[in-house]
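A.B. asks: Now for the letters of each chain:
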Amino acid sequence: MQPLNQVLLHKDCRVGPDLTAWRSTIGGKALKIALDDPSSLIPLIKDAGLRGLGGSGFPTYKKWEFLAAKKMAMEKYLICNGNEDEPGTFKDRVLLEETPFQVIEGATICALATNINHIIFYINPDQTASLASMRAAVELWEASDLYTEVKKKTPRLKYRVHASSGHYIGGEETAAIESIEGKFPFPRGKPPFPADFGVFGHPTLVNNIETLSNVSHIVRNGAEWYRDLGLGDAAGTKIYSLSGDVLEPGFYELPMGTPLSDLINIYGKGMLLDKKLKAVFTGGPSNTILTPKDIDVPLDFDSVLKRRSHLGTGAMIVVSEGTSIVKRVAEYVSFFAASSCGQCPPCKTGTYYVAQLLNNIDTGQGSQADLDSLINLCKILPGSGRCHLVDGAVNVLDSSLYHFMDEYRHAIKAT
Amino acid sequence: MSKNNQGIAYDKALKKYSARKEVPAAEETLAPETLLKQFHPDYFPDSIINLKVGANKGEACHHQLAAMLQSDARIDESDLAGAPIIETDILVIGGGGAGCAAALMAAEAGARVTLATKLRLGDSNTVMAEGGIQASIEQGDTPQMHFEDTIKAGHHFSDKELVAEMVMDAPEVIRWLIQQGMQFDLDKYGDLLTRRAGGTSAARVVYYRDYTGLEMMRVLREAVLNSNIEILDYSPAVELLANESGHCAGAVLSSLKDCSYNLVRAKSVIVATGGIGRMHINQFPTSNHFGATADGLVLAYRLGAKLRDLDSFQYHPSGLSHPQHMAGHLITEGVRSAGAYMLNAHGERFVGELKTRDHVSSAILRECVEGRGITTPDGAIGVWLDTPGLELREPGMLAQRFPKLIELGKKSGINPLKVPPLIYPTLHYQNGGVVIDPNGLSSVKGLYCVGEVSGGIHGKNRIMGNALLEIISFGRRSGEHAAANCHGVKHKKISIEHLSDLRRELTQANMPMDLQGPLLFPECAKFENDSDYDGLHKNR
Numbered sequence: 008m009q010p011l012n013q014v015l016l017h018k019d020c021r022v023g024p025d026l027t028a029w030r031s032t033i034g035g036k037a038l039k040i041a042l043d044d045p046s047s048l049i050p051l052i053k054d055a056g057l058r059g060l061g062g063s064g065f066p067t068y069k070k071w072e073f074l075a076a077k078k079m080a081m082e083k084y085l086i087c088n089g090n091e092d093e094p095g096t097f098k099d100r101v102l103l104e105e106t107p108f109q110v111i112e113g114a115t116i117c118a119l120a121t122n123i124n125h126i127i128f129y130i131n132p133d134q135t136a137s138l139a140s141m142r143a144a145v146e147l148w149e150a151s152d153l154y155t156e157v158k159k160k161t162p163r164l165k166y167r168v169h170a171s172s173g174h175y176i177g178g179e180e181t182a183a184i185e186s187i188e189g190k191f192p193f194p195r196g197k198p199p200f201p202a203d204f205g206v207f208g209h210p211t212l213v214n215n216i217e218t219l220s221n222v223s224h225i226v227r228n229g230a231e232w233y234r235d236l237g238l239g240d241a242a243g244t245k246i247y248s249l250s251g252d253v254l255e256p257g258f259y260e261l262p263m264g265t266p267l268s269d270l271i272n273i274y275g276k277g278m279l280l281d282k283k284l285k286a287v288f289t290g291g292p293s294n295t296i297l298t299p300k301d302i303d304v305p306l307d308f309d310s311v312l313k314r315r316s317h318l319g320t321g322a323m324i325v326v327s328e329g330t331s332i333v334k335r336v337a338e339y340v341s342f343f344a345a346s347s348c349g350q351c352p353p354c355k356t357g358t359y360y361v362a363q364l365l366n367n368i369d370t371g372q373g374s375q376a377d378l379d380s381l382i383n384l385c386k387i388l389p390g391s392g393r394c395h396l397v398d399g400a401v402n403v404l405d406s407s408l409y410h411f412m413d414e415y416r417h418a419i420k421a422t
Numbered sequence: 217m218s219k220n221n222q223g224i225a226y227d228k229a230l231k232k233y234s235a236r237k238e239v240p241a242a243e244e245t246l247a248p249e250t251l252l253k254q255f256h257p258d259y260f261p262d263s264i265i266n267l268k269v270g271a272n273k274g275e276a277c278h279h280q281l282a283a284m285l286q287s288d289a290r291i292d293e294s295d296l297a298g299a300p301i302i303e304t305d306i307l308v309i310g311g312g313g314a315g316c317a318a319a320l321m322a323a324e325a326g327a328r329v330t331l332a333t334k335l336r337l338g339d340s341n342t343v344m345a346e347g348g349i350q351a352s353i354e355q356g357d358t359p360q361m362h363f364e365d366t367i368k369a370g371h372h373f374s375d376k377e378l379v380a381e382m383v384m385d386a387p388e389v390i391r392w393l394i395q396q397g398m399q400f401d402l403d404k405y406g407d408l409l410t411r412r413a414g415g416t417s418a419a420r421v422v423y424y425r426d427y428t429g430l431e432m433m434r435v436l437r438e439a440v441l442n443s444n445i446e447i448l449d450y451s452p453a454v455e456l457l458a459n460e461s462g463h464c465a466g467a468v469l470s471s472l473k474d475c476s477y478n479l480v481r482a483k484s485v486i487v488a489t490g491g492i493g494r495m496h497i498n499q500f501p502t503s504n505h506f507g508a509t510a511d512g513l514v515l516a517y518r519l520g521a522k523l524r525d526l527d528s529f530q531y532h533p534s535g536l537s538h539p540q541h542m543a544g545h546l547i548t549e550g551v552r553s554a555g556a557y558m559l560n561a562h563g564e565r566f567v568g569e570l571k572t573r574d575h576v577s578s579a580i581l582r583e584c585v586e587g588r589g590i591t592t593p594d595g596a597i598g599v600w601l602d603t604p605g606l607e608l609r610e611p612g613m614l615a616q617r618f619p620k621l622i623e624l625g626k627k628s629g630i631n632p633l634k635v636p637p638l639i640y641p642t643l644h645y646q647n648g649g650v651v652i653d654p655n656g657l658s659s660v661k662g663l664y665c666v667g668e669v670s671g672g673i674h675g676k677n678r679i680m681g682n683a684l685l686e687i688i689s690f691g692r693r694s695g696e697h698a699a700a701n702c703h704g705v706k707h708k709k710i711s712i713e714h715l716s717d718l719r720r721e722l723t724q725a726n727m728p729m730d731l732q733g734p735l736l737f738p739e740c741a742k743f744e745n746d747s748d749y750d751g752l753h754k755n756r
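Chains as they are written, first to last, in my numbering: chain D, 8 to 422; chain B, 217 to 756.
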């Protein structure tokens, strides 16, 4: 079988908001199985080894179990998180636009497994096509006999498409809850966790769009099938967002654990203008850097972690020789500084100060003291905010200092 | 170029020539379309090819311009390491009339404005404009007539909405220019004098002597210098910057003074870089300024802006052909409008002198090809512009109204009152350009293009006086619109990542990548390769 686009991005799934086309192949089959025996769903997901594909890699069944355990709760919420705003990540928008029913079916099965009665599709308003596609699809779904069937089981199940505020920080799970409550997406302190106290105080589950998209396939084909999709110890597939200095950037659904070299050289058709690979920023900038010696790394959560990096959202920003790492990192940290919601002073001032120091060093006005400050800030800042924004900024800085200290030193020496 | 040296030699033709009060009008037998198809340079065989990459992929384009549009970029990521970032609200690229008008309106509306210019403020084709500026202000003239003249002269290729907006703006444009301090020629009652442009139905060109554009630039330059607009001179833009969504978010400037790159982060960018003359399309001489090298077209195209009419250029009929060192210099259409004839080597008129420019130029080329031109010893060819005849009919008028022509005579050692200048079409104007809306906004968000770099207003042929009108009309519009819409714009990231897309497309289309664009300076002036030019090299 071709390794490329075999599950989520298979042509049978990519029908857009066309319910008839979707049902003519695989659509609705998983839902029927799920309706027959909802109690078997969580063990099945556990057995399949589905993990959070929005970047955390957290086992999905655990989140579901927390929600399913809240048996007394009258109202429970599922937020399908499609806020996607990290530079270099562009997978959820494709799933939402081209495979809306795959997302809806996955979310509905999840609701059946956990007794959730509110499903909210939380979508970045900048992705107008995704938003329009989902709105059309939900309308069709609610008019279909599938929805009637589901209502026999859970009569109070409702769907809603919610345009987020478009802020980067709005993708954080507690910020998404605030946004759905109609407020500015300020992340909340944890605990309490969303499973205990989410939307309007009700138990809430937040899952990424790609994670939910996998659900119907697992239900239909079984856990073993899903595990076998991955290479090595990894399970399933992953949509990698490949960008930067490669000949053919784009989104590629490949077996989880596909080596980085295959992604760049086979699917990306190699480096642009045959330049030399210098670094890969993984998972979007909130994660870390891989260097050419890591070219063989299998792209799954655990293998990447062993190389001091994170798989994150599966975004791979490829950077060639000639690119200034200091400048790139300065750009990324500036992005974080601009995206900080401003609640937590260490994050608000810290990210801004780091960006300023990096810009100074990059433009040849930095000193050894500036570099020392950066190294110091890497130790002080992590964990000082309610959410992980400041940690993300520090991660990328710390990783660049680890791999490219020479470049920083050189930038200072030049003055 | 199909120059034919079978014409009559200069000395012999000059002996045969005599200034006459009346010469019978030409009898034109050839249909205008046939004349254009046979002789206009836009129809030269093999000069038009199809573009292979970009927003206009598959569309027709002149091969010289196509090579530049599909060239590799001058810079790479590595060039930007250590480049300082200048922050502003609105970046105006180009220090000619359109750029200054845009910058002034934006600054007046309260925006922070930075104006970058390749050389000095006012180094532009605006100062080259001689004839005047069109505005339907005379009794019996209307914007509707102005509209129809423009559309007709452009062979119905113009964007009607843009033309309508422009002709309605025209009277207000004149009023604004007068408020800025610009002078116009007046009659004894103080009313604006007008003259008629070729191919128009009424006298509606207002003017100042035969250096209207220079006078215009004088006041605009003063106004900009006396405002709080930040000026970055000797700073050609080598690339535009894009934000994370592909919107225009600034530019990379190459500072010629210290050989470094500066990044300007702006909420929106107004490109007013002018035309293309110094690319010498079809190897024609040009009337254009040193800096007219199609920079804006190349930069906008790379960012994804749609262009139009890339196969259509204007050749002004009366470019000086002799002496050689003055070749291409312009003699205003105003001279013909005032009544001067054009004569071939046999002393005959061969075309209606006030037909549209493309028509008149084609007729001159026909005379030269068919052996009725006048050839000089250094290989130039042309026809007479009968200024001595005009002097006979209207004594003193040339000296009073056309001081620049008299000055040109002194420079070339030919007194136009006694000896007719030899003229030949000169590459004058780029009819097409970036597709814009009535606010000057291109198809790329945040990117405005105004002046000659924009397209659509003049169709496939421009009439005299509409260029000066266009630059002020759309310059002002873009400045106002950009200032009103820059609030709340925040670019998270600025980068030249769109260049990777360009290189990708070029690689996949198997295009050569040896040429780098934009050109910045004419081929004859490649400073980068001139080791003697220390001023530009001291930091390298």
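Hints were generated in silico from the structure; no laboratory data involved. Check the hints yourself; a few may be wrong.
Within a straight-line C-alpha distance of at most 25 angstroms, the following computed SDA-like cross-link-like pairs (lysine to any residue) qualify [said to hold, decoys possible]:
#1 D/Lys282 <-> B/Glu303
#2 B/Lys709 <-> D/Cys351
#3 B/Lys661 <-> B/Glu303
#4 D/Lys420 <-> B/Asp653
#5 B/Lys473 <-> D/Ser391
#6 D/Lys77 <-> D/Pro50
#7 D/Lys355 <-> D/Leu378
#8 D/Lys197 <-> D/Lys36
#9 B/Lys709 <-> D/Pro132
#10 B/Lys709 <-> D/Phe411
#11 B/Lys232 <-> B/Glu249
#12 D/Lys276 <-> B/Arg719
#13 B/Lys709 <-> D/Leu408
#14 B/Lys709 <-> D/Gln372
#15 B/Lys708 <-> D/Asn367
#16 D/Lys197 <-> D/Phe411
#17 D/Lys282 <-> B/Thr723
#18 D/Lys420 <-> B/Arg582
A.B. asks: None of the hints should be skipped; say for each whether it holds.
C.D. replies: Here is what the structure says about each hint:
1. D/Lys282 <-> B/Glu303: 32 angstroms, violated
2. B/Lys709 <-> D/Cys351: 23 angstroms, holds
3. B/Lys661 <-> B/Glu303: Within the cut-off at roughly 19 angstroms; holds.
4. D/Lys420 <-> B/Asp653: Given pair lysine 420 of chain D, aspartate 653 of chain B is violated - Cα atoms ~49 angstroms apart, limit 25 angstroms.
5. B/Lys473 <-> D/Ser391: 46 angstroms, violated
6. D/Lys77 <-> D/Pro50: 17 angstroms, holds
7. D/Lys355 <-> D/Leu378: Roughly 20 angstroms between the alpha carbons, so the hint for lysine 355 of chain D and leucine 378 of chain D holds.
8. D/Lys197 <-> D/Lys36: 38 angstroms, violated
9. B/Lys709 <-> D/Pro132: 19 angstroms, holds
10. B/Lys709 <-> D/Phe411: The hint holds at about 22 angstroms.
11. B/Lys232 <-> B/Glu249: 33 angstroms, violated
12. D/Lys276 <-> B/Arg719: Distance ~14 angstroms between lysine 276 of chain D and arginine 719 of chain B Cα, so the pair holds.
13. B/Lys709 <-> D/Leu408: Holds, because 21 angstroms separates the two Cα atoms, which is no more than 25 angstroms.
14. B/Lys709 <-> D/Gln372: 21 angstroms, holds
15. B/Lys708 <-> D/Asn367: 19 angstroms, holds
16. D/Lys197 <-> D/Phe411: Violated, at about 35 angstroms.
17. D/Lys282 <-> B/Thr723: Given pair lysine 282 of chain D, threonine 723 of chain B holds - Cα atoms ~13 angstroms apart, limit 25 angstroms.
18. D/Lys420 <-> B/Arg582: 67 angstroms, violated
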